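**Q** Protein chains in written order, with the numbering used here: chain C, 11 to 250; chain P, 16 to 240.
If you're looking for bench data, these hints aren't it; they were derived computationally from the structure. Remember, predicted model here, so these are calculated numbers, not experimental data. It cannot be assumed that every hint is accurate.
Unchecked claim - Beta-carbon label-pair distances, calculated as ranges: (1) C:K131 / P:I72: 48 to 56 Å; (2) C:D244 / P:D134: 41 to 49 Å; (3) C:A34 / P:L133: 32 to 40 Å; (4) P:I72 / C:N163: 28 to 36 Å; (5) C:N163 / P:G65: 40 to 48 Å; (6) P:L223 / C:P48: 53 to 61 Å.
Claimed, not checked - With a straight-line Cα cutoff of 30 Å, these simulated BS3-like cross-link-like pairs (lysine-lysine) come out: (7) P:K231 / P:K38; (8) C:K26 / C:K39; (9) P:K231 / C:K68; (10) C:K207 / C:K33; (11) P:K62 / C:K79; (12) C:K189 / C:K207; (13) C:K26 / P:K62; (14) C:K26 / C:K189; (15) C:K68 / C:K26.
No residue lacks a Cβ here, since even glycine has one placed at the ideal position from N, Cα and C.
Below, each chain spelled out in residue letters.
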Amino acid sequence: MSALIEISDLVVRRGKRSVVEIKALTVEKGEILAVIGPNGAGKSSLLLAMARLLQPDKGELWWDGVSLKEISSLTYRRRIGLVLQEPLLLDLPVFGNVALGLRFRGTPAAEVNEKVARWLKRLGIEALRERPGSQLSGGEAQRVSLARAFVLNPELLLLDEPFSALDSPTRLRLLEDLKAILAETGTTTILITHDLKEASRLASRVAVMLDGQIVQIGPPQQVFANPVNSAAADFLGMQN
Amino acid sequence: MLSFIQSLMNDPEVWDVTLLSLKVSGIATLISVLIGLPFGTFLALSKFSGRSVVLTIVNTGMALPPVVVGLAVAMTLWRSGPLGDFNLIYTPAAIVIAQTIIAAPVVTGLTAAALQQLDTRLQLQLLGLGASIPQMILSLWWQARLPLLAALMAGFGSVISEVGASMMVGGNIQGQTRVLTTAIVLETNRGEFERAMLLGALLLMITLLINYALTKIQQGGARQR
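Okay, chain P solo, but in the shape it has when bound (with noise of 0.2 Å):
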């Protein structure tokens, strides 16, 4: 057993996969806070018609099967599919923009979530003490940070597990486009469940550490309150 995990530790694919799945599930929840982060604060702190409708909206893309992801993401860039032109189905790309539309509503429901909860007079109070709208949200993203990295952690999370986007867009070429995820399905339908099995265990224990390192931040903050 000890020698096979040194045995798979050593396989330069190994290493290859676990760092095109650190890379693009790092990029979709990069870009995913970055789309997240202000939609979520602009419909926690605006009062518009239809923002109820558009909250519901995005509380239910936080449930987006991943398959359903995949397949609308893989009928948009198949090469006779309206962004077919880019050629861009089956590469890290495809995954990255799969994974950024199931995480980008996990992150801005969450943030707006986050922004709710905090007493609506501390947005006067802020702007009474002089703050530009700017200084305000900065202030507001600092009270809620603690959530807000909560939400950061579900984004990441929703992406680095999901494997049904991650194959039909991706395709799972060996070298170019195969994660973590789809290398699991791979050995597994290979009856290889040893290998698939570590791959799994080495799955969680990223997973865990970043988690760990993130939550550590987090009670970091809880304990200074």
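Okay, chain C solo, but in the shape it has when bound (with noise of 0.2 Å):
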């Protein structure tokens, strides 16, 4: 495997406070990672960073070996997804809010068509075709935020906290859903969660984020089971 994405010497600030630290974090092609850590650990401010959506005061990210200094944000934008812990659908039908980034990308009517129909199937929203994004469910509005996503086939998936805001039964069968269709994509995620059981159901390997800083990174089982620090044995403990 060679990196899709590497970070160097990243911070983000909001004020004078430092509320993302990081030296150097390397995802590679076709990895899932996730980051995990409490509230405020400032994990969706490096989720937004990564997505360019924030900028950062200090440090570099690399696209596949070029800075992506050299790559215009809009360009960048448009080899990523991005789903959100809120779905935050736009008021059309569900077809119009999965077709939308397509349709910001100029894709020609029938390719967004057949593309959308495709993924609606996928994720078992294919009767929801013509409902307003309004009177969806929650999981019925993360499913068509997914498919929004998938449908223009991402290089790199970033997903933050997609299934906290949903019931338990709602988010495991949309995990089970999710990660099949990672495993046949094989797209390259990044996944944001407070959820160790998330984490380790989806991700190859997760990083611990405590106040700003990845404090350890390995695969699951072995970071739940040999947190580096107390901080970090606190937070996993008090999580199983």
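With the hints as a guide, dock the two chains, each given alone in a separate frame, to form the complex.
**A** Next up, the structure:
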């Protein structure tokens, strides 16, 4: 495997406080990395910086060996997929919401129809095709949000606690579907979560983030069994 | 009474005045939207020092008294004023300028308020889906289209019904700058109350019809939600 995205000396500040301070982080192509940590650890800020939606105060990001400074923000954002905690659907039918990113890219209508239909079916929401986004349940809306990201065939998928607002049975079903889709597509994925079960089910590696820093990284079972310090142990223990 | 209404409806001056009212207020509203929609969007989405001061000025502008606007525009367009050489005073163009100054802050302020009500993360989500900045803004306008239509209605309402500025910069010249509101004032001053009331009813009816059409569009959008 080779690195898809690399981070070096990344610093993101909110006011005078550093919310992200990462010396180095590499995400390999095809890898699913879960970034876990308590609320306020800086996970979402890290994700937004990786999506180029938050300007870091310091540091550099590399995409497939090329500095992101050499790639325009729009070009980069069109290589990634982003799913946030809230689905944030527009006042459009499900089809229109899923087609949104393709239309932003000027994809021909026939291709939009074919791709959207495929992903609506893959996520089990083809019956909702004409339903307005506002009339969906939380689980249905999050499926639309996932379809909206996958239809773009992203090289990097960024997931920011996509299941945290869902009830437990809905979350489990969606998690299993997502796991199967990621296994099929091999999409490089970064999952932000504070749920260790989600992380261990989906990810090949987990990174523990505390106070803006990644304190430990490795395969889930290894990290969960051997916390690197007492703060990590507290977080992991609290969750188990 | 009926024969009086018929004679009023058959009076070509009434139609001239009505059409001129619709024309100047329509153009002023259109220009206000062209100014207010982008400027209100900029105020809602951007962060810069002094932003709250600008928003306060815009919000204050929403309550600008038309006579004060009329006075300022009249002084500017007066023959000896800074823009006197353009000979715009007592022309429909002068009324359009004054009405634009009245409506633009209304459209700007309500546009900013409409967009600020949206979830701020929606911008991030749209950009994360690969939207360019113009595509993101169009999507936000779509999402806020109902309050944006309300901004349009409020802008039009603020100018179709104003009299002070139109009187001061238009001069209420028959066949040239007389609009419905200034005609009502004139008929009232003449003691022609019946004619003034009927013109008033005509003005109300026009406002009602335009707002009804816009409200139908707005509520049609609301039902889709």
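**Q** So, for every hint listed, does it hold in this structure?
**A** Evaluated hints:
Look at K131 (chain C) against I72 (chain P): about 53 Å separates their beta carbons, and that is inside 48 to 56 Å. Remark: the range hint 41 to 49 Å for D244 (chain C) to D134 (chain P) is contradicted by a beta-carbon distance near 33 Å. The hinted window of 32 to 40 Å between A34 (chain C) and L133 (chain P) holds, with their beta carbons roughly 37 Å apart. For the pair I72 (chain P) and N163 (chain C), the beta carbons lie near 47 Å from each other, so the given range of 28 to 36 Å is not met.
Checked against the hint of 40 to 48 Å, the pair N163 (chain C) and G65 (chain P) passes, with Cβ atoms roughly 44 Å apart. With their beta carbons about 58 Å apart, L223 (chain P) and P48 (chain C) fall inside the hinted range of 53 to 61 Å. Proximity of K231 (chain P) to K38 (chain P) is assessed by CA-CA distance (about 22 Å); at most 30 Å being required, the pair is judged to hold. This hinted pair does not check out: K26 (chain C) and K39 (chain C) have alpha carbons roughly 34 Å apart, beyond 30 Å.
A threshold of 30 Å between alpha carbons decides the hint, and for K231 (chain P) with K68 (chain C) the separation of about 52 Å lies outside it, so the pair is violated. A threshold of 30 Å between alpha carbons decides the hint, and for K207 (chain C) with K33 (chain C) the separation of about 27 Å falls inside it, so the pair holds. Annotation: proposed proximity of K62 (chain P) to K79 (chain C) holds, straight-line Cα distance about 23 Å (limit 30 Å). Only pairs whose Cα atoms come within 30 Å are accepted, and K189 (chain C) paired with K207 (chain C) is accepted, the gap being roughly 13 Å.
Distance restraint check for K26 (chain C) and K62 (chain P): the Cα-Cα separation of roughly 18 Å lies within the 30 Å cut-off, and the hinted pair is therefore satisfied. Distance check on the hinted pair: K26 (chain C) and K189 (chain C) sit about 39 Å apart at the alpha-carbon level, beyond 30 Å; violated. About 13 Å separates the Cα atoms of K68 (chain C) and K26 (chain C), which keeps this hinted pair within 30 Å; it holds.
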